[in-house]
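> Okay, here's what each chain looks like letter by letter:
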Amino acid sequence: MDFDLTEEQRLLQDSVARLLGDRYGFEQRKGYMKSADGWSREIWGQFAELGLLGLPFGEDEGGFGGGPVETLLVAEQIGRFITLEPWVSTVVIGGGFLRHGASQELRNELVPQVASGEMLLAFAQVERQSRYDLFDVATTAKRDGDGWVINGRKGYVVHGDSADRLIVTARVAGAQRDLKGIGVFLVDAKDPGVQRRGYRTVDGQRAAEVELSNVRALAVLGNPEDGLPLVDQVVDESIAALAGEAVGAMQAAHDMTIDYMKTRQQFGRPIGSFQALQHRAADMLVALEQARSMSYFAAISSEERNPTERRKSMAAVKVQIGRSARFVGQQSIQLHGGIAMTIEYACGHYFKRLTVNDAMFGDADHYVRYLSDTGGLVAAA
Amino acid sequence: MDLRFTDAEIAFRQEVRDFIAKELPAETRERMIAGKSPTKQQVVDWQRKLNARGWAAPEWPKEAGGPGWTLAQRYIFREELQQAPAPSPLGFNINMCGPVIIEFGTEEQKQRFLPRMLNLDDWWCQGFSEPGAGSDLAGLKTRAVREGDHYVVNGQKTWTTLAQHADWIFLLVRTDPAAKKQEGISFLVCDMKTPGITVRPIITIEGGHEVNEVFFDDVKIPAENLIGEENKGWDCAKFLLGNERFGQARVGASRERIRRLKVIAQESMDGGQPLMQDPEFRRKVTEIEVELKALEMTVMRVIATESKRRDKKPDPATSVLKIKGTEIQQMCSELLMKAAGPYAWADGDPDEEGETNDVDVAPDWAFGLAGVYFNWRKQSIYGGSNEIQRNIMAKAFLGL
Numbered sequence: 001m002d003f004d005l006t007e008e009q010r011l012l013q014d015s016v017a018r019l020l021g022d023r024y025g026f027e028q029r030k031g032y033m034k035s036a037d038g039w040s041r042e043i044w045g046q047f048a049e050l051g052l053l054g055l056p057f058g059e060d061e062g063g064f065g066g067g068p069v070e071t072l073l074v075a076e077q078i079g080r081f082i083t084l085e086p087w088v089s090t091v092v093i094g095g096g097f098l099r100h101g102a103s104q105e106l107r108n109e110l111v112p113q114v115a116s117g118e119m120l121l122a123f124a125q126v127e128r129q130s131r132y133d134l135f136d137v138a139t140t141a142k143r144d145g146d147g148w149v150i151n152g153r154k155g156y157v158v159h160g161d162s163a164d165r166l167i168v169t170a171r172v173a174g175a176q177r178d179l180k181g182i183g184v185f186l187v188d189a190k191d192p193g194v195q196r197r198g199y200r201t202v203d204g205q206r207a208a209e210v211e212l213s214n215v216r217a218l219a220v221l222g223n224p225e226d227g228l229p230l231v232d233q234v235v236d237e238s239i240a241a242l243a244g245e246a247v248g249a250m251q252a253a254h255d256m257t258i259d260y261m262k263t264r265q266q267f268g269r270p271i272g273s274f275q276a277l278q279h280r281a282a283d284m285l286v287a288l289e290q291a292r293s294m295s296y297f298a299a300i301s302s303e304e305r306n307p308t309e310r311r312k313s314m315a316a317v318k319v320q321i322g323r324s325a326r327f328v329g330q331q332s333i334q335l336h337g338g339i340a341m342t343i344e345y346a347c348g349h350y351f352k353r354l355t356v357n358d359a360m361f362g363d364a365d366h367y368v369r370y371l372s373d374t375g376g377l378v379a380a381a
Numbered sequence: 382m383d384l385r386f387t388d389a390e391i392a393f394r395q396e397v398r399d400f401i402a403k404e405l406p407a408e409t410r411e412r413m414i415a416g417k418s419p420t421k422q423q424v425v426d427w428q429r430k431l432n433a434r435g436w437a438a439p440e441w442p443k444e445a446g447g448p449g450w451t452l453a454q455r456y457i458f459r460e461e462l463q464q465a466p467a468p469s470p471l472g473f474n475i476n477m478c479g480p481v482i483i484e485f486g487t488e489e490q491k492q493r494f495l496p497r498m499l500n501l502d503d504w505w506c507q508g509f510s511e512p513g514a515g516s517d518l519a520g521l522k523t524r525a526v527r528e529g530d531h532y533v534v535n536g537q538k539t540w541t542t543l544a545q546h547a548d549w550i551f552l553l554v555r556t557d558p559a560a561k562k563q564e565g566i567s568f569l570v571c572d573m574k575t576p577g578i579t580v581r582p583i584i585t586i587e588g589g590h591e592v593n594e595v596f597f598d599d600v601k602i603p604a605e606n607l608i609g610e611e612n613k614g615w616d617c618a619k620f621l622l623g624n625e626r627f628g629q630a631r632v633g634a635s636r637e638r639i640r641r642l643k644v645i646a647q648e649s650m651d652g653g654q655p656l657m658q659d660p661e662f663r664r665k666v667t668e669i670e671v672e673l674k675a676l677e678m679t680v681m682r683v684i685a686t687e688s689k690r691r692d693k694k695p696d697p698a699t700s701v702l703k704i705k706g707t708e709i710q711q712m713c714s715e716l717l718m719k720a721a722g723p724y725a726w727a728d729g730d731p732d733e734e735g736e737t738n739d740v741d742v743a744p745d746w747a748f749g750l751a752g753v754y755f756n757w758r759k760q761s762i763y764g765g766s767n768e769i770q771r772n773i774m775a776k777a778f779l780g781l
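Here the protein sequences come in this chain order: A and B.
Position 151 of the first sequence, counted from 1, bears residue number 151 in the numbering used here, the numbering being contiguous throughout.
Counting the second sequence from 1 gives a position; the numbering used here is that position plus 381.
Take these hints with a grain of salt, some might be off.
Claimed, not checked - Here are the computed lysine to aspartate or glutamate pairs in the EDC-like style, where the Cα-Cα straight-line distance is at most 20 Å: (1) A:Lys30 to A:Glu344; (2) B:Lys759 to B:Glu715; (3) B:Lys776 to A:Asp4; (4) A:Lys312 to B:Glu668; (5) B:Lys689 to A:Asp2; (6) A:Lys312 to B:Glu528; (7) A:Lys180 to A:Asp232; (8) B:Lys689 to A:Asp4; (9) A:Lys190 to A:Asp203; (10) B:Lys665 to A:Asp373; (11) B:Lys619 to B:Glu528; (12) A:Lys30 to A:Glu42; (13) B:Lys613 to B:Glu668; (14) B:Lys776 to A:Asp283; (15) A:Lys142 to A:Glu127; (16) B:Lys689 to A:Glu7; (17) B:Lys665 to A:Asp365; (18) A:Lys312 to B:Glu661; (19) B:Lys776 to A:Asp255; (20) B:Lys561 to B:Glu611.
What the hints contain is simulated information worked out from the structure, not anything from laboratory work.
Just need the whole structure built from these sequences, with the hints factored in.
Structure (structure tokens):
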């Protein structure tokens, strides 16, 4: 058991922290948000230079050779600065599908483009009726010669407006909520059959509504008849990254709150001298540390080979992270008071991102239900 | 970063598990599964078995009679005891007074007390709290006046756990009333048979007798029973309280309680089906399981960082252990009681006169669970109340 970082991991962490510390101040972030893409292509280029875009790919294919710990470290920094770039969409989710589902030929083609920053990916999974069920898929894929033709609508496709390729879940067989018969397909986002309406989400990120009309898939990822296990695996890895991101954002919100408590004067003294507020801040620290512990558990569990165990562990991660994020987010606003209610102040933006982070791939309540229906973590005895 | 146990640690866990399976009397185990504290004799017998194996004091260094284990081994050992469940080594001896004597005692004191502590030849109890000194421990008033080769002690201690079993007491006394409050305190040890000591039971809300008042009337304590320097007893007290950090998480104990809870919730019927089929109830259990998993990881973090730390400063994560550990245990006791339904209400404890109910009025699995729930409210009060913990966190970790 060893929680120390290797020299390489520490360098990675430092380099990301330095880049974002220099280039991702709160005012700079506002500028990126207002740009055409809603994020910065220049920062994206810097990510590529640091190796962040090739992070999970093997060194033999032009990647950085990072594992779950490296992903966690980068994700934490992403959260600390609530960056807007499509790193999770392209590298963690998109990269996950390439690593676990793509043919060697497709990997050879796409991995270098992803790692260099030329290729942006987005995961088109959510549908109007699906809520958080990954298997609830109405979009269809029909065999056509040696390829597949896709029809349907996808919503909340994170970074779907700027993506070059979409990774689309579509039903090849069975009923809308069947576990079998789901395929994962790679689609050209600029295909004439793809209509995208980009929009801003409450956390300042970008997403798109996507309509697919007779779109020919570029490739199949994994087994087209039984793609759900692949989706689960990639989503579980993404949950681990989202956990790290949430911890980074919680840490920032907590730090900001403590700093403010030390400087804000009322009744002739700093508000941090009041015990009611001190105890709330202590409870926030408890929530944060429990979340941090769970983000480590997420990193370990994302490599678990037994998919049932892995899903249950990641469900537990979502529950703890979601609960902690809600508490730290809400209380960071409360302890600041009115100032954190203003859109000019950073704290509220962390709160908003934490709120969305909880809901991604299912919120804490969703996973409490899932985990309690699958026997929980402790066996009866 | 590697968050797994090593092969050697996994093998060690198996060794501990095998030992417990072979040596722990079924009666002791069953009593503990039912949620009751082991009897004095059960604790003594078990401590002696551990001592014979060299495992009586997991945290002690080899030269003091400990096994010289790493932090990870200590954690594994305690977790296995808690999960079995088996009695833990007696805390007053092994985790409170023993380490103070090892750190501050003379060679003679070590020879005199430590071997008897390990073998539980002497049962120790703790004389810290007083009626006027609870969370503000340094406000204690019990007075010790040096007269020739002994101290004369007058005053009252309270919440003295299991003083009725004790052969010895370690206590904080005021030796210099003129000094600032932390600076006039000394740490003494005293034979409970010394004339002038009176132990009076305090019956807690569930009806149990765990805690006592201990009165000192002109009790003569030999000067050689002073541990450390006179008026430096607060250093011993701080050292002792700091040692409690890992102990309060009790992850293994809570895991054992959750297992038990799931068994009871299968037996207990609700709406014509086992309670465990009720989604509402199951979700409450799940919420605790998740908190417990996070706490387990937090304990691992603390162990991993503490074992490498040179400055001896605690990791911020340590502050989580007492608060979360006790909250989780209290939630377990509450859910266990609730799971039992109406059968939770048959009183499993003696009344104020010591009269006990017939055990057969309720199913075995339900009897006494309410008593444990009521009794466990103490957990967030003792060992530095959870509010004191938050004060410490605000000051030490947040700089407020």
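> Now look at each hint and say whether the structure bears it out.
Now the hints, each set against the structure:
| no. | hint | verdict |
| --- | --- | --- |
| 1 | A:Lys30 to A:Glu344 | 10 Å, holds |
| 2 | B:Lys759 to B:Glu715 | 13 Å, holds |
| 3 | B:Lys776 to A:Asp4 | 27 Å, violated |
| 4 | A:Lys312 to B:Glu668 | 13 Å, holds |
| 5 | B:Lys689 to A:Asp2 | 10 Å, holds |
| 6 | A:Lys312 to B:Glu528 | 67 Å, violated |
| 7 | A:Lys180 to A:Asp232 | 13 Å, holds |
| 8 | B:Lys689 to A:Asp4 | 10 Å, holds |
| 9 | A:Lys190 to A:Asp203 | 26 Å, violated |
| 10 | B:Lys665 to A:Asp373 | 12 Å, holds |
| 11 | B:Lys619 to B:Glu528 | 27 Å, violated |
| 12 | A:Lys30 to A:Glu42 | 15 Å, holds |
| 13 | B:Lys613 to B:Glu668 | 45 Å, violated |
| 14 | B:Lys776 to A:Asp283 | 13 Å, holds |
| 15 | A:Lys142 to A:Glu127 | 18 Å, holds |
| 16 | B:Lys689 to A:Glu7 | 17 Å, holds |
| 17 | B:Lys665 to A:Asp365 | 11 Å, holds |
| 18 | A:Lys312 to B:Glu661 | 18 Å, holds |
| 19 | B:Lys776 to A:Asp255 | 15 Å, holds |
| 20 | B:Lys561 to B:Glu611 | 14 Å, holds |
Checked against the numbered hints listed earlier, the structure breaks hints 3, 6, 9, 11 and 13; every other hint is satisfied.
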